[in-house]
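Q: What follows is each chain in one-letter form.
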Amino acid sequence: MSAAVMTESVPLLTVEDLVLDFRTRSGMVHVLDGISLTLDRGEILGIVGESGSGKSVLAYAMMGLLDPAAQIPRGGIRFAGRDMLTESERSLAETRGREIAMIFQSPRTALNPIRRVGAQVQDVLLRHANVSKKEARKRAIAALARVRIPDPERRFDAYPFELSGGLCQRVMIAMAMACNPYLLIADEPTTGLDVTTQAVVMDLIREQVRSSNASVVLITHDLALAGEYCDRIAVMHAGHIVEIGGTEAMLSAPKHPYTARLIGATPGGHESIRDLASIPGSLPDLRRDLPPCRFIDRCERRLDCCATDALPSVNLGADHIVRCWNPL
Amino acid sequence: MIRFLRIAGKRLLGAVPSLIGVIIVTFLLSHALPGDPAVLFAGPAADAASVAQVRAHLGLDHSLPQQFLTYIWQLAHGDLGQSLTTGQPVMTDLVQRLPASLELTLVALIFAIGVAVPLGIWAATRPNSWIDHLCRGTVTVAAAFPTFFIALLLVYVFYFLIPLAPEPVGRLNDVYFDAPTTITGFYLIDSLLEGDWQTFGGALAQIILPAISLGLFALAPIARITRAAMLQTLASDHVRTARALGLSRHRILITYALRNAMLPVVNVLGMVFSFVLGSNVLIEDVYGWPGVGAYAVKAVISSDYAAVQGFILMMAVLYILLNLVVDLLSMMVDPRVRFEG
Amino acid sequence: MSDTSLISRTRYALAENRMTLLAAILFALLIFCAIFGSLLAPYSPLMTNEGARMQPPSWLHLFGTDSLGRDIFSRVLIATRLDLGMAISAVVISFVVGTALGAMAGYWGGWVDAIFGRVMDTIMAFPLFVLAMGIVAALGNNVTNIIIATAVINLPFYGRFARAEVNVRRDLAYVEAARMGGNGAIRILWGHIVRNILPVMLVQASLNMGWAILNAAGLSFIGLGVRPPTPEWGIMVSEGASYIFSGEWWTFVFPGGALVIAVFCFNLLGDGLRDIVDPRRRT
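Chains as they are written, first to last, in UniProt numbering: chain A, 1 to 328; chain B, 1 to 341; chain C, 1 to 283.
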């Protein structure tokens with residue numbers, strides 16, 4: 001089996017039983033609970049969930065970029081042989097941008113508004129590529145050309161406010177990919193862009209990572225988008241990964257009630273799940289003591305054991321895992 | 001560059017209404033008062049004949065609009081009237097004393113910015129730590145000290161009690177030093193241009209205490225705005241990007257946070273200028289500083305009205321010009337300001 | 001803003017920041033001195049005593065005596081009323097006049113607004129202390145004119161703020177509703193707009209108090225306004241300044257210290273009030 005062959009080599013990224021809490025004025029918020037996943041080279045993994053499901057926090061944890069208020073009582077994150085949770089900030093900073101990089105939503109504000117975009121790409125190269133200023137400039141222009149920014153030499157001197165949102169996101173991608181990282185984390189990269197630009201940006205991301213055999217973690221609330229671009233999908237709900245598996249298998253035969261509802265809320269696979277009116281209930285308050293299954297209040301398939309027994313991890317084969325006592 | 005100049009020109013034109021307003025106010029302050037302006041201008045010792053003479057000379061027997069035109073006409077010729085105390089044209093007096101005040105003001109500003117900006121950055125990188133509270137406390141206490149009181153305290157402590165500072169006798173102690181040849185009018189710069197290190201040292205020693213007295217009050221606004229702006233930029237999306245791409249701490253702090261935080265800091269400088277220029281009046285006397293502030297105080301006490309009026313007008317014009325400089329600075333800091341025009 | 005949240009925020013501001021508590025205590029002390037100062041003073045502030053000139057602080061004269069043998073403690077204590085009075089009067093005048101003018105400019109817009117904006121810009125075009133000096137020098141050397149001058153230079157702070165706030169609120173639904181209900185402009189301005197921005201304006205006023213005290217005392221220091229032998233902190237510092245080189249520090253340190261405490265108190269109080277009324281503006 002191909003899955004067996006792949007697990008023989010060490011995965012690029014492993015998250016194991018990660019628990020993460022935030023200390024706040026109104027008490028502990030249990031943001032992530034028992035998160036486990038792996039990511040192989042060249043793979044595109046989608047992490048899908050409503051806002052507040054903890055997907056962005058998970059992404060930041062992977063980058064080793066956590067708020068000081070975050071506490072991790074259990075679990076670990078290994079990336080390319082490093083422990084991202086215990087590594088020193090200094091060595092993490094050297095890893096970021098070189099081996100693991102991230103792009104964000106609203107690319108205009110994600111870029112420094114008063115610095116020329118070329119200089120921002122150049123900053124990344126100067127930091128990680130150990131090149132002269134002149135060489136860095138040349139490579140920055142090449143990086144801008146690679147994301148197909150027209151007339152890159154002239155655009156090098158542009159400020160973000162002079163470029164369209166789509167062009168800004170391309171600059172972001174150029175910055176993130178400038179040093180050929182192994183892993184690109186894309187946090188809602190198409191939010192705030194118009195529909196045609198969205199496809200262009202996503203195609204560009206896929207093309208960039210394919211050409212360098214890099215992996216992608218795509219954070220999105222848009223199941224349709226994830227279905228189109230990802231090899232595997234993890235569905236998050238209130239700090240749990242409720243289901244993870246191959247895109248085909250999961251979309252055609254979802255096992256977790258929540259996944260099924262998400263798919264139901266995404267008619268034709270073309271609309272986003274931002275409008276979740278068709279899913280009754282809302283995310284539970286993560287400050288309270290929570291039942292083992294955090295979907296229990298919204299679930300019509302719940303059993304008595306759901307409220308008492310620890311969440312199971314049901315392996316359906318081919319790395320398709322669902323965390324539910326009563327899967328579909 | 002052409003765009004920059006064009007916008008700079010536009011800003012310069014934008015200052016014209018303020019200038020007109022300032023001229024009207026100084027005119028009103030002297031010509032439309034309750035009581036008889038002629039008596040005011042003639043000074044307290046004048047008899048009826050000289051008051052009448054002053055009235056005729058100032059054109060106070062004409063209508064108000066006519067007087068205003070005369071006033072403008074005189075201003076256009078650089079005529080601010082005659083000082084009663086020095087017997088010289090007010091313009092001559094002011095021009096002679098201005099470099100001393102300007103030098104002091106600029107050194108005070110450099111001191112205030114040089115201390116407050118790093119303090120604000122330091123506090124912003126450790127919000128709510130004891131360092132943050134200490135910075136905040138220090139600048140708040142500093143802001144509570146009246147400038148004139150600080151001036152006296154510093155002289156008392158650092159000259160009378162612990163003789164670290166030289167005698168407060170103005171810009172240079174002429175017992176030991178000769179004033180440098182006037183090139184810019186700033187002793188610190190002129191002495192350097194002449195290569196005269198001793199005079200430079202002497203001038204520097206003289207200016208330290210008055211500059212600190214003037215600058216101390218400005219610490220609080222600058223440090224606070226720096227801290228707030230830094231906190232805001234440090235939490236901004238683009239700093240998050242810089243961190244996610246592993247840029248060095250130094251690069252993030254300076255290029256990605258501080259430069260972006262500079263715009264509000266530059267803008268608060270306008271307010272600081274207003275304060276520091278005004279406070280020259282309060283401290284020059286204490287340090288025997290031969291500037292326009294001390295001149296104005298003498299003029300006020302001896303009811304030398306033309307001199308007071310000339311001083312006010314000059315300070316206002318200076319302040320408008322400094323605000324223009326602030327505008328141009330903020331254009332240099334932020335390209336968005338530059339492009340919006 | 002509900003009452004409970006106001007109370008809890010007040011408690012939070014006091015607990016979080018002991019300095020606000022200190023400010024409140026100092027404020028009470030200052031007000032007490034301003035009211036009862038003349039009753040508490042051990043000596044008459046104007047009584048000269050040839051035999052007790054330039055005495056350093058002692059139990060007999062807590063803050064020492066000045067060149068005429070007057071008791072500095074009594075003079076500092078009694079000056080509280082005048083110094084605070086000048087600053088408070090000035091702040092109240094600029095608060096009321098500035099808010100009224102700014103609110104009208106923001107409400108009516110058009111040429112009223114244009115003239116208002118011009119006048120405020122013109123005031124702001126001067127270094128403020130210099131303008132205050134000019135006003136007192138022109139209007140005449142007395143306490144009333146110090147108050148007027150201090151009020152004038154502070155006008156733009158209130159005027160602009162009120163104008164901006166009214167401008168934002170002018171077209172809000174509840175104001176529109178009041179207008180359709182047939183309420184007159186003044187009534188709408190007061191009842192529906194100004195009352196809502198009052199808390200924030202009051203914070204502004206208390207932050208402004210320290211500056212008003214410094215301004216009034218500064219004018220007296222350079223010999224404008226208050227005349228000797230009236231006890232006033234600024235003028236006492238100025239009189240004491242002559243004895244700095246003979247080491248008689250108490251002549252200027254105590255009145256200067258009183259100024260520092262008063263200004264410090266109002267600045268802290270303003271900060272604390274702002275944390276309660278408008279926590280986001282904290283810097």
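In case anyone wonders, no lab produced these hints; they're calculated from the structure. None of these values were measured; they are calculated from a predicted model. Do not rely on the hints blindly, as some may be mistaken.
[To be verified] Computed from the model, here is a short list of chain B residues facing chain C with C-beta under 7 Å:
#1 Val16
#2 Ser18
#3 Tyr156
#4 Val157
#5 Phe158
#6 Phe200
#7 Leu204
#8 Ser274
#9 Leu277
#10 Val297
#11 Val300
#12 Met315
#13 Ala316
#14 Tyr319
[As the list claims (entries may be wrong)] Covered stretches of chain B (chain C as the covering partner; in silico rule of three or more C-beta atoms under 8 Å from a C-beta of chain C):
#15 71 to 80
#16 177 to 190
#17 280 to 286
Glycine residues also receive a C-beta, built at the ideal position from the N, C-alpha and C atoms.
Q: Run every hint past the structure and note whether it holds.
A: Against the structure, the hints come out as follows:
{"no.": "1", "hint": "Val16", "verdict": "violated (11 Å)"}
{"no.": "2", "hint": "Ser18", "verdict": "holds (4 Å)"}
{"no.": "3", "hint": "Tyr156", "verdict": "holds (5 Å)"}
{"no.": "4", "hint": "Val157", "verdict": "violated (9 Å)"}
{"no.": "5", "hint": "Phe158", "verdict": "violated (12 Å)"}
{"no.": "6", "hint": "Phe200", "verdict": "violated (27 Å)"}
{"no.": "7", "hint": "Leu204", "verdict": "violated (23 Å)"}
{"no.": "8", "hint": "Ser274", "verdict": "holds (5 Å)"}
{"no.": "9", "hint": "Leu277", "verdict": "holds (4 Å)"}
{"no.": "10", "hint": "Val297", "verdict": "holds (5 Å)"}
{"no.": "11", "hint": "Val300", "verdict": "holds (5 Å)"}
{"no.": "12", "hint": "Met315", "verdict": "holds (5 Å)"}
{"no.": "13", "hint": "Ala316", "verdict": "holds (5 Å)"}
{"no.": "14", "hint": "Tyr319", "verdict": "holds (5 Å)"}
{"no.": "15", "hint": "71 to 80", "verdict": "violated (count 0)"}
{"no.": "16", "hint": "177 to 190", "verdict": "violated (count 0)"}
{"no.": "17", "hint": "280 to 286", "verdict": "holds (count 4)"}
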